[in-house]
Amino acid sequence: MAFTNKPQVFNAKINPITFGANGHEVTLGGSNVYPLYSFDAPIPNAPKVGIQISDKGFDATLPELAKFYEGCNTVVEMAKRAASAEGVDFVCLRLESADPNGDNASVEDCAALAKAVAEAIDKPLAVIGSKNVEKDSTLLGKVAEALNGYNPLLLSCKEENYKAIAASAIMAFGAKVAGESAVDINLAKQLNVLVKQMGVAAGNTVMNVGTAAAGYGFEYVASTMDRVKGAAMTQNDVDLQLPIVTPLGDEAWSVKETLLEESENPAWGAREERGIQMEICTASACLASGSDAVILKHPASVKTISAFVAALM
Amino acid sequence: MALKGLDIFKLSPKTNCKECGCPTCMAFCMKVAQGALPLEKCPHFSAEAIATLSEATAPAMKTLELGEYKLGGETVLYRHDKTFVSHTLYGVYLCDCMDDVDARIEKINKVDYDRIGERMHVETVTVAHNPDKAAEDFLALVEKVKGLGHPVIVEVCCADLAAKALEILKGVPTILNAANAENYEAMNKVATEAGALLGVTGADLNELSETIAKIEALGNKKLVLDVGTASMKDAFANAVQIRRSALLETFRTFGYPTIVNAAKLAMGDSHMQMALLALFTARYGSIVTVEEMDYAKALPVYGLRQNLFTDPQKPMKVEPGIYPLNGADENAVCVTTVDFALTYFTVSGELERSGVPMNLLISDAGGYSVLTAWAAGKLSAGSIAKFIAEFDIENKIKNRTLIIPGKVAILKGELESKLPGWTIVIAPNEAVELVKFFKDNKF
Amino acid sequence: MAKFVTIGERIHCISPVIRKAMDERDPAPILKRAKEQIDAGATYLDVNIGPAESDGEERMKWAVQLLQDNFDNVPLALDTSNKKAIAAGVEVYNRTKGKPIVNSADAGDRISYINVAADCDAIVIALCSKAGVPAGVDERMGYLMEMLELGMGLGMEPDDMWFDPLVVVAKGMQDQLGDVLEALRQFSEQGFKSTGGLSNVSNGMPKTLRPIMDSAFIAMCMQAGMTSAIINPCDQRMMETIKSCDIVKNNVLYADSYLDL
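Chains as they are written, first to last, in our numbering: chain A, 1 to 313; chain B, 1 to 443; chain C, 1 to 261.
Hints are computed from structural coordinates only; laboratory data are not their basis.
Treat the numbers as computed from the prediction; the structure is a model and nothing was measured.
Among the hints, a few may not be true.
Claimed, not checked - Straight-line Cα separation of at most 16 Å, EDC-like style, residue types lysine to aspartate or glutamate; simulated pairs:
| # | chain 1 | residue 1 | chain 2 | residue 2 |
| --- | --- | --- | --- | --- |
| 1 | B | Lys14 | C | Glu149 |
| 2 | C | Lys97 | A | Asp237 |
| 3 | A | Lys131 | B | Glu433 |
| 4 | C | Lys83 | C | Glu53 |
Take the sequences, apply the hints, and build the full model.
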């Protein structure tokens, strides 16, 4: 019996959503095949790769990273350097200092910084808030206001604060927002429904379904994404046809395998290389299961994942 | 796998001769599918159709043995549909054309460690022959590789040399990854005689399926399919199409495990080989080969593999016991949580980040998360007290403070009465709050 | 498994309002009923223009275009005994949201509606009956095979034939409801799609009881493997039951708001 290929092309597709402005835009989604299955049908928008910087600086103990950001004295300078890294599609600013349990920087200062970054770079901008639900409910609205006209992607609104963030960031200032659910597929869908029920039109939101570093419960991440894409395609479930954005740098760099100093276990080798490979491994597995964009921290991982995606398209 | 009436009807003579007693062939096939009539009632089914039908109930993908490892036998495309069964094997690629091949051999057994009860190390070694190199040097390399103690994948272009290599590898589980449309007869003979699995490759999937069919006709069904090294995109397309046609369409010609040579797909690029390791672990590579398996690659990818190949019905568990963290001794404070691997990893990771020496006590909680274990009665004051008695904690550890998960704060009172002399402290609800908790509180 | 397909039955010329609107080509009453059904969650709308012997073709074209233009190419089931009218309706039908359904063929006088569906690449509802109520499960299976053979002979995909086991009325034929469920079970076991006029089960029952009986029956039909039904989508209890069964059967991913979707 001869082989006959049966492409899995669906009568359903992931909503394309575009963020960025002024000639620096990226579009996520738009595909009607399973993730990376470009051999079934052309994928109109290849998955995108973002580079994450923190308003608290970079880890100067990593030699390659320190070399990359050498001479950067401000967050804006870091952002410009990050935007120039090979393979970068967009820059992601994490407002780590906004954390009320940390530096508790004011929302005004954070918004002003986000604006300065957006003005300085020639790439679309994504912003991750403080990750504190209360703080983010005002912070992300203010950031959206400051970035009015830059069409940024803001991460993330959650079940606890989606109302405030959708009303301010999306409806008042036209930002794109990610709905975050921690590896809970039913909540992921529900959050999309709730935001839609507020009157937010499709094409304004993406999903951040959560992630884990490879080895740390990644089976839940893979199955969540596999099921989201499965329902979006085979059941034409419109409430799951949103692009998935996965910031994974923080997870990849905060497990034992990437935190332990080389001096404590010389056989493992340099910490920086372990971190890069952990980012690459996790990103590749996320892309296989359905991330339409991944956000990484190290320029070396960004370069490889970007080339990896290009080779598969 | 039960057959539907239509599947049988497709193979039926479609003559409506009524000899079976049914008014039409369709009616007869429905009855057969329902088990109401045996297929033999129809005298006109061709032998080929009967063979196809009887084979249709066999597994869609074969399970092959490679020494202590199993390849294939998968029944689903996604782990949530049931479970994956045979985890991807990782290997190192060697070629007699490499100048530093001895140094590479040296490194192969450097990675060897245990993660949640599973030994993590290189599982296969590929030896490839470049026709420009001397045959005897290649055979000397095979000899060296034999000594590493892993199954070997041999890649050579001529059958004579293959036979010599396999002769050296007698007793070692081997794949002769060398058959193609031109040489399959000779290579099949060598592999069959040596008891090796035969790797098959093709210019495209049509050629591959034709070659497989010819080898199967020679009686060999111990095959492994090479997805090729033309490009990353082709290799991925082939791996997916082979697996899904086998499982979705029951295309038995492709119902075999696969080999992915990530080393050749991204020669010299260790980072890209990492990306390929992860991709083909998630999507349908049975064996994935890289140039070097160092800790930087092994730590993430063996963890990923362990995650993806767990049975969704059976959570990963860590062994109950005392886990001293941050150089803890008998005077360090005690912390307890459940044996669910994900909880253990998350909690122990945060505890290690705090830098505070402590003894993490893991009791048998059925592999559930904290609240689920509590609700199921697997994590209770009684179970913790029993663990402390059984593991003789009071003699092994002098410290008498026990920190319990915030989500089971309710156990505090009962624990204090069951464990006289102990101070019970309640930790935060979430693991991410632990570092701050240990910064703010001293024990 | 795919989501259960509902076919809204409320545009039917048996209703005086609809009949008058069809006769006068008055869009308003028809659009109102269409909107009610779509808002309530109907997948397909049935369009019954009556026998329409004289002006069927023009009438069906008018109805198809009216509904599809106003409701984003909503997929339709074309329901009339005038075969030419069905062909005419398909001519102007937009397929982006789904193939048209021919409602309906049976194994007797109306078997040629299968030819109509095959000719215009439509789905056909195939009623497993020849004349009157089939006696038992085997007779239903027999008709199914007759119609299936004809359809496949004409090049139809089995998935485009939706078999109707003929739902019988509880008040009077209660003893045969088990046959309907068993027939659905056997259809499903063999991989066939199915549908049926669901509310027939509660025909003649007091109005207050009908939604209760209909909901219980549809749940049992779905458990037996039914894949579609012709129903009144404005019956809230029925729609809630179908959505809940779709969750139980893992046809739709659960979210707290599943009833609103």
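Results of checking the hints against the structure:
Of the supplied pair hints, the one linking Lys14 of chain B and Glu149 of chain C holds, its CA atoms being roughly 10 Å apart against a limit of 16 Å. Distance hint between Lys97 of chain C and Asp237 of chain A is fulfilled; the C-alpha atoms sit about 14 Å from each other, no more than 16 Å. Between Lys131 of chain A and Glu433 of chain B, the direct Cα distance comes to roughly 13 Å. Compliance with the 16 Å bound is thereby established for this hinted pair. Only pairs whose Cα atoms come within 16 Å are accepted, and Lys83 of chain C paired with Glu53 of chain C is accepted, the gap being roughly 10 Å.
Consistency note: the structure conflicts with none of the earlier hints.
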